[in-house]
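If you read the sequences in order, they're chains A and B.
Letter by letter, the first sequence follows residues 1 to 353 in my numbering.
Letter by letter, the second sequence follows residues 1 to 80 in my numbering.
Do not rely on the hints blindly, as some may be mistaken.
[Claimed, not checked] BS3-like mimics (lysine-lysine), calculated; alpha carbons at most 27 Å apart, straight line:
| no. | chain 1 | residue 1 | chain 2 | residue 2 |
| --- | --- | --- | --- | --- |
| 1 | B | Lys27 | B | Lys2 |
| 2 | A | Lys186 | B | Lys27 |
| 3 | A | Lys186 | A | Lys68 |
| 4 | A | Lys234 | B | Lys2 |
| 5 | B | Lys36 | A | Lys91 |
| 6 | A | Lys91 | A | Lys186 |
| 7 | B | Lys12 | B | Lys2 |
| 8 | A | Lys99 | A | Lys234 |
| 9 | A | Lys234 | B | Lys27 |
| 10 | B | Lys36 | B | Lys12 |
| 11 | B | Lys27 | B | Lys59 |
| 12 | B | Lys2 | B | Lys36 |
| 13 | B | Lys27 | A | Lys91 |
| 14 | B | Lys27 | B | Lys12 |
| 15 | B | Lys59 | B | Lys12 |
Calculated from the structure, these hints are not laboratory results.
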Amino acid sequence: MNVGAARTIRRPRPEWPWHLGVAGAVLLWGLLYHLLGPLAERLSGQVPVNRHSHAGEALAFFFYDVPKVMLLLTLIVFAMGVVRSYFSPEKTRALLSGKREGAGNVLSAGLGIFTPFCSCSAVPLFIGFVSAGVPLGVTFSFLIAAPMVNEVALVLLFGLVGWQVALAYLAFGLGIAILAGVVIGKLRLEGWLQDWVREIHSGAAAPGGVAGKRLSMADRYRHGIEAVREIFGKVWLWIVLGIGLGAVIHGYVPEDLMVRIMGADAWWSVPAAVILGIPMYTNAAGVIPIVEALLGKGAALGTVLAFMMSVIALSLPEMIILRQVLTLRLIAVFIGVVASGILAVGFLFNVLF
Amino acid sequence: MKTVKVYGPGCKRCETTAAMVREAAAKLGIEVDVEKVTDPRSIAMAGVMSTPGVSVNGKLVHSGGLPDAGRLEGWLSESS
């Protein structure tokens, strides 16, 4: 019985094993990342294919890029999982409610990166924001930034294309989210919400949320591990498929073909990329390896970025979910405004680079 | 008899959460009535902003992500 009594008094467990474990894992990670290049060379050397043939290059790409991306994803997704445990939709809502448009849009887009978000709770989140007095435009800034600027997209861009492009994606993704939110706010479209949402909006007090619980550092690490498990459960197949397809494009698609259809001279390629991206729905992981390979074959950066943003930010399934709270007219405006922003980014990049 | 509501539009994690609630209740020997709330309006009105959310006897105890199994047992045994 003594054991049972002792167990009810819960002493806080020491946290140093966690810190030690995380530090050890990070060290191991660094070692693996460092060894990756030589290891990949040796592996692709084992396959009896000429290193400089199409197939050889495709294989090297596959042996090197898949593990590299997986490693990068593990580290960053874990870190973001820990960081996100400091944020919650409730806290974000409290920060945003009553904020004026403009500054509110900037804050909202920024918080969109760090607040845990899944498109399956887009509707309750939308209502939670709007009913607490977060302006519609500010809410949209959040809803655009949250899926578009995510760490999976940024890590893959960084790992496969380069930090400059990753940074550009971050900056322009945020820019589109902020501006589109400002425009939607200026249009005063509150009347275009579904009736029942408007009723909540124009009166009833915001429903309360769960009282915040204090998390220990170990809890936060657990959040990070959970995030890694979830991301890998969801995206690993896409990554492998995407990189495989990317490798095929890398090795076999003739260079001038891509330059002709996706090069900077073909002005119509940017709108075509945006339109193509809307019905396509995959997470960032599936699309980016293809993006890298297309870029390698002379497709213009702006066109490729526009395609990517459209695939990630404008997805048909999410529109169908949002249809429960927005009227069709408002969805059309939403798509129109965001698509214009993406178009502008695409053209701008094609002119600048 | 406790009324547990699981809020969520029917994604996989919501199903898992409901199963976890049943499992925890069976383990503790508590009788529960698990109700899944999928209507977005009701989810929002309950104050759930990220799904799945869980309420026990009308009190919201969790929202966002899978609940921790240990905590879940705590919530179930707490308010008796």
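Quick rundown of the hints versus the structure:
In summary, the hint linking Lys27/B to Lys2/B is supported, as the alpha carbons are separated by about 15 Å, within the 27 Å threshold. With a C-alpha separation of about 55 Å, the suggested pairing of Lys186/A with Lys27/B is violated against the 27 Å cut-off. Proximity of Lys186/A to Lys68/A is assessed by CA-CA distance (about 44 Å); at most 27 Å being required, the pair is judged violated. The suggested pairing of Lys234/A with Lys2/B is violated, with an alpha-carbon distance near 34 Å, which exceeds 27 Å.
Proximity of Lys36/B to Lys91/A is assessed by CA-CA distance (about 26 Å); at most 27 Å being required, the pair is judged to hold. This hinted pair checks out: Lys91/A and Lys186/A have alpha carbons roughly 25 Å apart, not beyond 27 Å. Using a Cα cut-off of 27 Å, the hinted pair Lys12/B and Lys2/B holds, with the two alpha carbons roughly 24 Å apart. At most 27 Å may separate the alpha-carbon atoms for a hinted pair to count; Lys99/A and Lys234/A exceed this at roughly 35 Å.
Simply put, Lys234/A and Lys27/B have alpha-carbon atoms about 30 Å apart, too far for the 27 Å limit, and the pair is violated. The hinted pair formed by Lys36/B and Lys12/B meets the criterion: a straight-line CA distance of about 13 Å does not exceed 27 Å. Between Lys27/B and Lys59/B the alpha-carbon distance is near 21 Å, which keeps this suggested pair within the 27 Å criterion. Our distance criterion of 27 Å between C-alpha atoms is met by Lys2/B and Lys36/B, whose separation comes to about 14 Å.
Among the hinted pairs, Lys27/B with Lys91/A is inconsistent with the structure: their alpha-carbon atoms are about 34 Å apart, more than 27 Å. Under the criterion of a C-alpha separation no larger than 27 Å, the hint pairing Lys27/B with Lys12/B is consistent with the structure, at around 23 Å. Distance restraint check for Lys59/B and Lys12/B: the Cα-Cα separation of roughly 23 Å lies within the 27 Å cut-off, and the hinted pair is therefore satisfied.
In summary, the numbered hints that this structure violates are 2, 3, 4, 8, 9, 13.
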